[in-house]
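S.K.: These protein sequences, in sequence, are chains A and B. According to this note's numbering, the first sequence is numbered sequentially starting from 1. According to this note's numbering, the second sequence is numbered sequentially starting from 1001.
Because the hints were derived from the structure by calculation, they are not lab data. Check each hint, because a few of them may be wrong.
Quick list of the computed label-pair ranges, beta carbon to beta carbon [to be verified]:
1. L79/A / E1318/B: 51 to 57 Å
2. I1079/B / E161/A: 26 to 32 Å
3. R1037/B / Y158/A: 22 to 28 Å
4. D1100/B / Y251/A: 53 to 59 Å
5. E16/A / F1027/B: 53 to 59 Å
Which chain A residues face chain B? A few, computed with CB under 8 Å, are given here [as the list claims (entries may be wrong)]:
6. T195
7. Q199
8. H220
9. G223
From the three backbone atoms N, C-alpha and C, an ideal C-beta is built for every residue, glycine too.
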Amino acid sequence: MTSESGRQNEVVLAVEDLTVQFPSEDGVVKAVRGVSYELRRGEVLGIVGESGSGKSVTSLAVMGLLPKTARITGSAKVLGRELLGLSDSQISQVRGNKIAMIFQDPLTSLSPVYTVGYQLAEAVLAHRDVSKDDAWARAVELLDIVGIPNPAQRANSYPHELSGGMRQRIVIAIAMANSPDVIIADEPTTALDVTVQAQVMEALQNAREETGAAMVLITHDLGVIAGHVDRVCVMYAGKLVEDGSVDDVFYTPRMPYTLGLLGSLPRLDATRSHRLTPILGTPPSLVNLPSGCPFSPRCPIAQSICVEEEPELESVGGIHHAACHFHEKLIGAEPIDLFPPTIIDAELIEAFEEAPSDT
Amino acid sequence: MTLETETPSTAPATEPVVSAQNLVKHFPVRAKGFLRRKVGDVHAVCGVSLDLKPRRTLGLVGESGCGKSTTARLILGLIPVTSGEVHYGGQNLVELSRADMQPIRRDLQIVFQDPYASLDPRMTVSSLIAEPLQIHGLFGDGGKERVRELLKTVGLNPEHGNRYPHEFSGGQRQRIGVARALALNPKVLLLDEPVSALDVSIRAGVINLLENLQEELGLTYMFVSHDLSVIRHIAHDLAVMYLGKIVEVGTAAQVFAAPSHPYTQALISAIPLPDPKKERARRRVMLTGDVPSPINPPSGCRFRTRCPKFANELSDAERDRCINEIPRLELQNDGHRAACHYAQAVDLLTIDTP
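With the hints as extra help, turn the sequences into a complete structure.
M.R.: And the structure:
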């Protein structure tokens, strides 16, 4: 873990009991159902979950970027200052200055009609009282930090002239322009090829070291999480179901969903004989959540209490928390103990082979 | 049925089911004016040779734009080749007419990446799966029953046959795509990024399904993917592609144990491991820059513009060879092939954690 002395334990971002609901034709979509977390100075927090688990909506709510129809309750404080409920002009002073965000798709984050240097300088000028020349010089310096070759020349390029990896580095440079205290990166490498992904993660690392910012890294990729974060939160159906240090969550998961996720990953360090253990079923609809624990319909160890009562996050040792009535049963469990590795019946296949064939 | 659980260390000397030789595909690039003059070529696939061995999976891996999907389509004749041959069942498919090709299409089927775009939203699932049977005149009496069997085989409820694709989740739709491909009892399935669009927990189910089907039905797969960890899981043989060329090929066990081309090494070390301790202790081969344009690929070795070896280790005299001489797929010590003048095996997956 990052060991900065002095201000190390200062909480830079505190999210408390955040809920987000969207009214829709089918009913109220409960996208986020009470999420709390704290981010300390210099720390990297990973938030992992599948599509629709609410991981992006949580951070959009913090940044004040949700549409007006969204109903948000709870609290999100950056350096003690409440962000929820701020007016547009008030939050604009915080956004980009104290807290910055990096999105998945760099092409839609950048304006196609301005050079990247202009857009970087604009970000600098928005929060600082400097001359245009100084802002441009800072822009070139930022491009250099994120590893763009020939930064002085590249500053005059338009986004469409750059590759996906370069564009994402420009977005990172804009995010760090004002040395924010918090950077939220939402799937920053998902749209990129793997070799470029490694380069962008390195640029992100440099940006963090340069600014000392704490980071929330949101991704569905457990591999990216494993290598780059200090703590992990696992989200399912709008709630945190497990959180803890990265080693806790990866080596001793105490929530069946986390265990299932780890078991369903094909791994580069396992051989072909290693069987994957998929989680049966699909994530629940956020309009009609099942009663009790939202994972219970897919959970292999669910009992009647799981349908009756939704478990709260409780400590299972130190900073490691899990939301499961039966987390004690999971001590030392392997994915294969819980989830059956096969999904089709051998009998069905036989029936298929005997079926009238085309001869 | 015998279940093959571990890849043998050497490739068995069996005849390939499908053999592609020196496939070349150039797409013309045209000017914007009225005449649409041809101003160049995209060199999408440049001399690719592949063998699909019976009951085995060939993984074809590479980054976007390397020509892997084009190669799959060339093998099926979905796009015409510029030059090259595809041998199947004693025939060269490239020379066949449309009518002669029709019965062969039964044996060679494809599953596409996007389960949303590859299913007609106005057809029910039953009619989608019956369609290939009807086209080949095989629906007849047992057709309905066959569709139900297919639905069951891919792990879907046959009662749901009268539903429409939008009523299914991504993973279920991909199963429908697999059922369609299986309808004609094919011998070879070309899987073009079949799990890339799916969530992790769903993806594992589809991968297991594909593995089971291969074991039980004796299918031969070509699995096209950008994701080496999926390939590692499913492939017996492996070919790595970069900018239209194969740079390394062998059994999966050989290539993962002793990757010899710098690009393969970079790919392997770029895939994150879901294991914090190993991930921290890993050796990395980092690349710089981006893939060059396939309209004007670099001379000699196409990888040299991004090659860490070329940039950091080689002398000027050695570099000349990379610039001027196209590397061929040379046999390595363990019997697999790599296209690098200075190929050197590196073990990247044995990681000592403290």
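S.K.: Compare the structure with each hint and give your call.
M.R.: A quick look at each hint next to the structure:
Remark: the range hint 51 to 57 Å for L79/A to E1318/B is upheld by a beta-carbon distance near 55 Å. Between I1079/B and E161/A the beta carbon distance is about 29 Å. The supplied range of 26 to 32 Å therefore holds. Here the CB-CB span from R1037/B to Y158/A is close to 26 Å, well matched to the stated 22 to 28 Å. About 58 Å separates the C-beta atoms of D1100/B and Y251/A, a value consistent with the hinted range of 53 to 59 Å.
Checking the proposed 53 to 59 Å range against E16/A and F1027/B shows it holds: the Cβ atoms sit about 55 Å from each other. Against a cut-off of 8 Å between C-beta atoms, the interface hint on T195/A holds, since the closest Cβ of chain B lies about 5 Å away. For Q199/A, the suggested interface contact is upheld, since its CB lies about 7 Å from the closest CB of chain B, less than 8 Å. Taking 8 Å as the C-beta contact cut-off toward chain B, the hint placing H220/A at the interface holds, the least distance being around 7 Å.
With a least beta-carbon distance of about 3 Å to chain B, the hint placing G223/A at the interface is held under the 8 Å criterion.
Every hint from the earlier list agrees with this structure, and none is contradicted.
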